[in-house]
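Residue numbers (the working numbering), protein chains in the order written: chain L, 1 to 292; chain U, 1 to 224.
No wet-lab data here; the hints were simulated from the structure. Be careful, since some hints might not be right.
Derived coverage of chain U by chain L (criterion: at least 3 residues anywhere in the stretch with Cβ under 8 Å from a Cβ of chain L; other residues may be distant) [as the list claims (entries may be wrong)]:
no., segment
1, 111 to 120
2, 123 to 131
Pulled a few chain L residues facing chain U out of the computed Cβ check, cut under 8 Å [stated by the list, open to error]:
no., residue
3, D68
4, F92
5, P93
6, F103
C-beta atoms are modelled at their ideal positions from N, C-alpha and C, and glycine is treated no differently.
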Amino acid sequence: MIACHIKKRLATTDGYKEFQFDFEVPPGSFTAIYGASGAGKTSLLRMISGLMRPDKGQIIYNKEIWFDQVKGLFKPIRKREVGFVFQDYTLFPNMTVMENLKFALSKEATVDLIDQVITVMDLEGLIQYKPVYLSGGQQQRLALARAIVQKPKMLLLDEPLSALDISTQLKLEEYILKVHQELQCTTLFVGHDIGQIIRMADNVLVIKDQRVTSAASPYETFTTNTLNSTTHLNGSIVNIRSEKHTKIASIAIGRDMVQVTLNEKDNFSVGDEVLLKSNTFNPQVTRILKDH
Amino acid sequence: MIDWQPLLLTLQLALVTTVILFILALPLAHLLANLKSKIKPVFEALISMPLVLPPTVIGFYLLVAFSPTSGIGEWLNTNLNIQLAFTFEGLVLASMIYSLPFMVQPLQNGYNKVPRSLIEAAQTMGKNRWQIFTKVQIPIMKPAVTTALVLSFAHTIGEFGVALMIGGNIPGETRVASIAIYDQVEAMNYHAANTYSIILIALSFVILALLYALNRNSATSISQ
């Protein structure tokens with residue numbers, strides 16, 4: 001379990017403001033950190049990893065103090081054993097794929113782990129190449145692979161899938177979940193994409209106005225009521241046309257387009273992000289709340 | 001037949017100067033690259049002074065400082081038995097000051113070109129400073145290291161004013177190639193002066209061509 005109760009003064013577009021992050025994350029959970037740009041999500045990850053020092057408070061990982069301002073304790077980054085996948089991948093340009101993995105390999109791990117990870121991440125055939133020759137998806141897989149061979153206690157992912165196309169994103173989501181389960185580590189994931197968070201996370205921290213305003217499941221976070229139907233899909237309305245007694249919306253879900261009858265009372269408009277709940281014969285559309 | 005001693009001494013001076021200067025400039029350039037103080041330009045200007053000052057100015061003040069009658073010179077002589085004026089050691093020290101910007105500036109630029117995020121990534125992998133320095137920073141800034149080494153070496157070969165002031169013209173001790181040329185011209189021995197000059201021209205060309213070739217290779221090897 002990670003318990004974080006910290007304060008930090010950070011630069012924002014409206015000048016310096018004090019951010020206060022108070023939350024606890026269960027061990028082995030996959031927690032998404034959601035919030036607008038500049039909300040402090042990346043800074044929070046940096047403080048947990050030890051790349052940034054909070055001004056006040058405490059960070060405790062499984063009874064181990066990582067930071068305590070009052071006691072003057074600060075565990076150095078290199079001793080925290082966190083795997084950090086940065087937004088821009090931060091692959092070492094002077095090393096090949098194999099060298100990048102060997103450099104990151106944990107002291108306790110054996111080289112066999114590299115071979116396993118190469119297979120899981122579909123990196124065979126690329127091991128002798130330097131990162132510049134890899135596609136975005138391949139670079140991302142290498143960044144993830146590099147974090148895995150560290151055998152981290154905690155995996156920190158800073159919007160790792162934002163620059164990729166939807167099919168690569170979906171494939172990598174599976175990889176990430178697989179890795180999370182295999183490592184049995186606690187994962188913190190900064191994400192913008194609600195659909196992605198719903199698909200991947202079991203817990204969401206919402207950051208707004210320099211505070212953690214909510215810590216709940218993705219459904220509780222993004223919908224007004226708890227849903228219990230079998231299928232949930234999220235997408236956005238691209239067109240609404242009126243028929244005799246009803247309105248029909250065209251909703252883009254991933255690369256597919258779905259037509260659904262709308263409930264007139266809800267007053268939907270084109271561009272709304274929605275959650276589609278399938279009740280066998282009666283699909284229902286719910287607006288996703290983005291004002292967290 | 002010319003005396004090869006000045007040419008060998010020149011190469012020896014350039015090599016010793018470059019090696020010692022490189023060892024000292026690595027931490028100095030790192031410090032400058034990371035310095036956020038408002039007085040950073042003062043340090044940068046001080047290091048760059050040899051670029052604009054006439055070499056005779058540097059040579060003159062070093063000569064005054066190292067003279068056995070001056071405070072520093074006397075102290076060095078009495079306590080450490082070191083004589084810097086008109087010796088090879090003095091020439092090395094003067095050359096290091098003279099070539100300082102040629103070593104520090106490329107290295108400082110090299111450090112600046114290594115993205116901070118790569119160093120942070122290596123830190124999260126449990127690497128210590130030395131591992132990060134040798135495995136990440138130095139390989140990425142290899143073109144800058146090559147430039148710094150080659151330019152400092154070449155610049156030392158070409159020095160004249162400083163060498164004349166602090167070293168004088170002692171055969172086998174301080175008579176480097178540039179001084180030997182001057183000496184031969186004064187003695188109206190144009191043939192020997194011409195031979196020394198041609199060798200220096202060829203040497204300078206080879207060194208610079210090597211620099212461009214090496215940097216081309218290291219730029220491609222980082223990405224290939």
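Hints, one by one, checked against the model:
1. Coverage of the segment 111 to 120 of chain U by chain L holds in this model, with 4 residues showing a Cβ closer than 8 Å to a Cβ of that chain against a need of three.
2. Note: the segment 123 to 131 of chain U has 6 residues with beta-carbon separation from chain L under 8 Å; the three-residue rule is met and the coverage holds.
3. With its C-beta approaching chain U no nearer than about 20 Å, D68 (chain L) sits outside the 8 Å limit, and its interface hint is violated.
4. Here the hint on F92 (chain L) is kept, as its CB sits about 6 Å from the closest CB of chain U, short of 8 Å.
5. Annotation: P93 (chain L) was flagged as interfacial toward chain U, and the flag holds, the nearest CB pair being 5 Å apart, inside 8 Å.
6. Look at F103 (chain L): its Cβ gets to within about 6 Å of chain U, closer than 8 Å, so that hint holds up.
In the structure shown, a violation is registered for the earlier hint numbered 3 alone.
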